[in-house]
Amino acid sequence: MAAHKKALIAVVAVALLLLAVPARPEISRFPDYPITRSDRIVSLVPAVTEMLYAFGAGSRVVAVSSYDTFPADVQQLPKVGALLDPNVERILALKPDLVVVYGSQDDLKRQLARAGVRFFDYRHAGLADITSTIRTLGAQTGDAPAADALALTIERGLDEIRGRVKARPRPRTLLVFGRERLALRGVYASGGVGFLHDMLETAGGANVFDNVKVQSVQASSEQILAARPDVIVEARATNSAFPSGERDAELNVWKALASVPAVRAGRVHFLFDDRIVIPGPRVVDGTLALARAIHPDLLQANGAERATKRERSAESLSEAPEGTRRKAGAERQE
Amino acid sequence: MTLQRRFARTILGFGTLAAVTILIAPAIGPTPISLARVFSRVIPFADNADAQIFFIARLPRTLAGALVGALFASAGVVFQGLLRNALATPFTLGVSTGAALGAVLAISFNWSIGALGISAVPVAAFAGSLAAVAIVYALAQARHRGLSTTVLLLAGVTMNAFFSAMILFVQYFASFADVYRTLRWLMGDLDVSSYEPIVAALPAAIAAFAFFAWLARPLNLLSLGADGAESRGLDVTRAQRAAFLSASLATGAAVTVGGPIGFVGIIIPHLVRLLVGPDHRLVLPAAALFGAAFLVACDVIARLIFAPVELPVGIITALIGGPFFLWLLIKKR
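Chains B and X are the protein sequences, given in the same order.
Using the numbering used here, read the first sequence as starting at 1 and increasing by one per residue.
Using the numbering used here, read the second sequence as starting at 335 and increasing by one per residue.
Keep in mind that the hints were calculated from the coordinates and are not lab data.
Fair warning: there could be bad hints in the mix.
Computed footprint of chain B on chain X, listed as stretches where at least three residues anywhere in the stretch have a Cβ under 8 Å from a Cβ of chain B [as the list claims (entries may be wrong)]:
hint : segment
1    : 342-351
2    : 453-460
3    : 522-532
4    : 566-578
5    : 605-618
6    : 650-660
Every residue, glycine too, gets a C-beta built ideally from N, C-alpha and C.
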């Protein structure tokens, strides 16, 4: 009994101690002044940059990260560093009234707070977090109605895909997003959490690493052989496509694992598509691309994708050059 | 006891350990497989998942572990003997950092040798290790008639620092995904998933082991110091050159297969010396066999401990090897 009491006291003491430690005051997300509208926005996160443009705040973005490429308008904007090397001096010199930072940029957050600049704290998470981020962000920038409409469109688009694959069998799918060139070494695949996993499940696949609750799994050849995926999808950024001459060689790499059903059935797909790997507003198209790789008979699609595209261009994504989109689309199906 | 009998006993003891480890390791893993199915002649190989797990996933990685462990451990013995420094490792003279730079360049710039259909990473790693060896060797020869081990050590340590800075420099411009892949490469990985990397490293490995067999006596003499060795009739410069080049070749080959897996090259030589004494004729073969067994065993643990997720084997070697070595050190003294 005494031991229990002591343990209880210890737990209470620790809890009190935790309460007593003040939260670091400089990392407050929303300082106390009324928020109406942001007129000078700096975004250090490409996915969030896309969101801003998609709900019509694009004209008020004054600078982006060095990794931003979409929509094409951002190429004209100043680049102020990225995740590891944000250039605080340049950011402050642009006199922003909202800076989108990544969750791990604690130093930057402190500096912004000291300078009295509002920031929006973002972290990659699940698929549902994309639309919730769009809503919160829209409320911050003063674009709540447009942002809510965009979020709703995305949610409807995803629901529609869910509906279309609902009655189909769910093939066991391995979603690879990185490996060594021309070898099955250093294979990184989606684990059972994160937006890639969510997209895969939405697209009507069953993630083979569903039970591994991390975002990325380094999959050994044994794990892949034991998982026996029916479909293998390698999804990467548009600009990291294999040189055309090496596609066959890269496909051949998988032939070493001949007992894997996906390999035997020739169901290994390369999707070089930013819409899959960037958790932004183009995620419906990305999920659809995934769905088509997993369910090839979905190819003769109904108007769903065209409808979402039309709606989205109404939401000002029309700045996206048609050429870029078509190119990404062409890369889609291998 | 005569040397022959001690030699026979040592080889028998460590050889049995290595053989048993290598035989058992492919049967163990996170996925249960049936050995009857693995060796079944009825089921075609393409349909036989158990056989594929055994022959494509586990056996290559066991053999890779054995080869890399043997190379690192015996290269460690040779470097320690050559530099007459107990703290020397296969990584002291910049060979592995040179290899790492090659690998980092290949990963960051996405090199491939598409014409041959092979990954550029091991090729670049081996080229990097050869470049490092050439630079350090040229530096150590430039100021001396022979080969100065002091200059060798200083040049090696400096090149290590220089290559490390180059790696950081390249990484600074690489994308996050590449930086992560590089970091993971630097932790070491034995999941080769085919026999080609092992076969490709074999010529260098065999050449290195042949040199090591010849080097056992010269290394014994070198432990008396260069003058002492010379007075016993040893061509010191030739022996030092052979030791440096062969141990570097071994290190380069090992890093090319498994990445820079730490700790094997320093812990195993000392462990073996504690067990069999300082005679290189015993230490060299014993270290090679024990290194093989140790790395294979560490890899089994790395595969199992957090299954289905795998730990990098380099973490296990240090986590297990360190305390074990300290325990042996205290017990023997």
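Hint check results:
no., hint, result
1, 342-351, "violated (count 0)"
2, 453-460, "holds (count 3)"
3, 522-532, "holds (count 5)"
4, 566-578, "violated (count 0)"
5, 605-618, "violated (count 0)"
6, 650-660, "violated (count 0)"
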